[in-house]
Amino acid sequence: MNDLSADARALIAQTKTLDDPSAADRARVRQKLATAWAAQNAAAGTPSKFEDDVLSPGTDSRWLWATLTTTAVGMVLGLWFVMHPVTFPAPEQSSPPDAPNGTISESNPAAATLQEPNAPAVIAHTSEAAFARDPEVASAAQAAEPVRRSIKARAQANPRVRKRAPAISDANALDDIVDPEPEPEALVRTKPQPDFTSPQPSAASSAQRLPAIATARETDSARSAPAARDNSAAARARANGASKPVDADDIAPPQTGPKFVAQPIDDELALLGAAQEALQDHQPSLALRLVQHHGFRFPRGALAQERVAVQTLALCALHRPAEARQVLAELARRAPNSPLVAKLRTSCGFEAAEGSGN
Amino acid sequence: MRTTALLTAARAPEETEARAMPLVRAPLRVEDVYEAHFDFVWRTARRLGVLQPHLDDVVQEVFMVVQRRLNDFEGRSEIRTWLFAITRRTVQSHFRQNSRRPLAFIDEPGELIDPSSRCAESEMLASENSRLLHALLDELDDEKRAVFVLAELEELSGPAIAQALKLDVSTVYARIRTARQAFDMALRRYRARQARMR
Chain R
77 MNDLSADARA LIAQTKTLDD PSAADRARVR QKLATAWAAQ NAAAGTPSKF
127 EDDVLSPGTD SRWLWATLTT TAVGMVLGLW FVMHPVTFPA PEQSSPPDAP
177 NGTISESNPA AATLQEPNAP AVIAHTSEAA FARDPEVASA AQAAEPVRRS
227 IKARAQANPR VRKRAPAISD ANALDDIVDP EPEPEALVRT KPQPDFTSPQ
277 PSAASSAQRL PAIATARETD SARSAPAARD NSAAARARAN GASKPVDADD
327 IAPPQTGPKF VAQPIDDELA LLGAAQEALQ DHQPSLALRL VQHHGFRFPR
377 GALAQERVAV QTLALCALHR PAEARQVLAE LARRAPNSPL VAKLRTSCGF
427 EAAEGSGN
Chain W
310 MRTTALLTAA RAPEETEARA MPLVRAPLRV EDVYEAHFDF VWRTARRLGV
360 LQPHLDDVVQ EVFMVVQRRL NDFEGRSEIR TWLFAITRRT VQSHFRQNSR
410 RPLAFIDEPG ELIDPSSRCA ESEMLASENS RLLHALLDEL DDEKRAVFVL
460 AELEELSGPA IAQALKLDVS TVYARIRTAR QAFDMALRRY RARQARMR
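Which chain is which? The protein sequence lines are R and W, in order. Read in order, the letters of the first sequence are residues 77 to 434 in the numbering used here. Read in order, the letters of the second sequence are residues 310 to 507 in the numbering used here.
Calculated from the structure, these hints are not laboratory results. You may find that some hints are simply not true.
Using 30 Å as the maximum straight-line C-alpha spacing, the simulated DSSO-like pairs for lysine-lysine come out as follows [as the list claims (entries may be wrong)]:
{"no.": "1", "chain 1": "W", "residue 1": "475", "chain 2": "W", "residue 2": "453"}
{"no.": "2", "chain 1": "W", "residue 1": "453", "chain 2": "R", "residue 2": "92"}
{"no.": "3", "chain 1": "R", "residue 1": "92", "chain 2": "W", "residue 2": "475"}
Partner residues aside, some chain W positions facing chain R, computed with beta carbon under 10 Å [claimed, not checked]:
{"no.": "4", "residue": "365"}
{"no.": "5", "residue": "368"}
{"no.": "6", "residue": "406"}
{"no.": "7", "residue": "436"}
{"no.": "8", "residue": "488"}
Residues from chain R that keep clear of chain W, each with C-beta distances beyond 12 Å, as calculated [unchecked claim]:
{"no.": "9", "residue": "85"}
{"no.": "10", "residue": "92"}
{"no.": "11", "residue": "108"}
{"no.": "12", "residue": "113"}
{"no.": "13", "residue": "342"}
{"no.": "14", "residue": "411"}
{"no.": "15", "residue": "419"}
Just so it is clear, CB atoms sit at the ideal spot from N, CA and C, and this is done for glycine as well.
Generate coordinates for the entire structure from the input sequences, incorporating the hints supplied.
What follows is the structure, given as structure tokens:
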């Protein structure tokens, strides 16, 4: 047992404790794990049961952890992330696809909140502040902005999102990235808008607003596209011109219509939203894992293109350009009309190398 | 995410005799594992060669695996050996995806030490020693490195190391010996280079 010299033993004795993590390391990883587990639980559709007592040893912060991670980072943040259009600075301010939503939300925070009643405002403010502080995160958000837009547009316009896909092997996942039937621009840009032309009762208390919002969401989902198109113009005009905030009761439609049925797209959105969150949080490996999970769960999902887009960005962030290029080439082959291809090439810096070809 | 594990190791002999049967099963929760062994996983990942900027991701991945596989842990081995096996595989996977030293500028920056601090000198010495230790560990191959980390830095016993690495105990002892020799030789070479530079 005397294979080590005294010098080596002294060195080992001096350095034995130097690799111990600091309290900040422990807290940081704990937070990342909470996020990952929440996303995992959200994706699995099971209630999160770690965040409240697992990841915070102190009883004082348990409530905070349970609130922030279980509720916000999981399902709600994923949905909010997709549906909230003013979180990041849009690279193309004049881009029309998001104009109706963007206009409403930017000009009227109340309307933005109304789009997702479950999204806690405090999370939105915290995230926005964080993005505003960190230029790297802001640039990452800009890079991911086209993906987010596409996710939102497809989620709102593509009828395929209403169908849950049968499970197949992951090897066939890329086969699902077939460009769907060419989507007319108008259809992509159209989202069933709340009925702003309905009678406007006077201001109601906030306690009365939530049921009204829920009802609005229920009946919104049942509206026909032409009616939504007609309403979108009115909504834009109202949002641009109105100086007072849009009240929840203003957009509450008549209390008739088919019963709201939860759609499986929510799971897809939550999972992909969590992947994007991870990407913007400089955790590309986590993003990649979530994307792979999405591929397993929704091999024929409606957001397959967006999944590949996030996967490409994550691979680029992980300095794996060859794989990123391969995935992107497959996307370009299967969905040549997708606007994501060119934007991803630009984001990953492939544009110069590949020229104008696929 | 709860599982059961046999808790027999920490029990006093007389207590164990008194309750010889049945074996006490207690729930093993991922949060308990995290709180108790986070430091071990962190240290191990670092000593197996993961650079500081990647430690968060690797350790996080380890505990993701722990969460998924905790049901498989039956308590027949020490949990640290089980965690070491997971950590080692995760680190190897990490190295397959990222070269060990991918880009020079990604390499971990030196600790910023305030020169006005009273402890600046000792901090610099500690930082220098830490860098030296990792440089010497880098010179060992993966098998020797794993054995050396467990034996010399974590002070695990031979049988425990054999369990963690799935090796014979005799093989473990032989490998410890060669790892020590290799480490010592690397240190001597370093000292000789230092002496020539002066």
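### Message
A closest beta-carbon separation below 10 Å is what the hint needs, so does residue 406 of chain W meet it against chain R?
### Response
7 Å, holds
### Query
Non-interface claim for residue 113 of chain R: all C-beta distances to chain W beyond 12 Å?
Per Cβ check, residue 113 of chain R is inside 12 Å of chain W; nearest 7 Å; violated.
### Query
Quick one, is the residue 488 of chain W hint okay against chain R at 10 Å, beta carbons?
8 Å, holds
### Query
Holds or violated: is the Cβ of residue 342 of chain R farther than 12 Å from all Cβ atoms of chain W?
23 Å, holds
### Query
Can the restraint linking residue 475 of chain W and residue 453 of chain W be considered satisfied, given a maximum Cα separation of 30 Å?
14 Å, holds
### Task
Beyond 12 Å from every chain W Cβ: check whether that's true for residue 419 of chain R.
25 Å, holds
### Task
Mind verifying the non-interface call on residue 92 of chain R? Its CB should be farther than 12 Å from each CB in chain W.
6 Å, violated
### residue 368 of chain W as an interface hint toward chain R, with CB separation required under 10 Å
Holds, because the Cβ-Cβ distance from residue 368 of chain W to chain R comes to roughly 5 Å (cut-off 10 Å).
### Query
If you draw a straight line from the CA of residue 92 of chain R to the CA of residue 475 of chain W, is it 30 Å or shorter?
Holds - the C-alpha atoms of residue 475 of chain W and residue 92 of chain R are around 25 Å apart, at most 30 Å.
### Nearest-CB test (12 Å) between chain W and residue 108 of chain R
The claim is violated: residue 108 of chain R sits with its nearest Cβ about 5 Å from chain W, within 12 Å.
### Message
Checking one constraint from the list: CA of residue 453 of chain W to CA of residue 92 of chain R, max 30 Å. Satisfied?
### Response
18 Å, holds
### Query
Holds or violated: is the Cβ of residue 365 of chain W closer than 10 Å to a Cβ in chain R?
Holds - the Cβ of residue 365 of chain W comes within 10 Å of chain R, reaching about 6 Å at its closest.
The structure fails hints 9, 10, 11, 12 (numbered hints given earlier, in ascending order).
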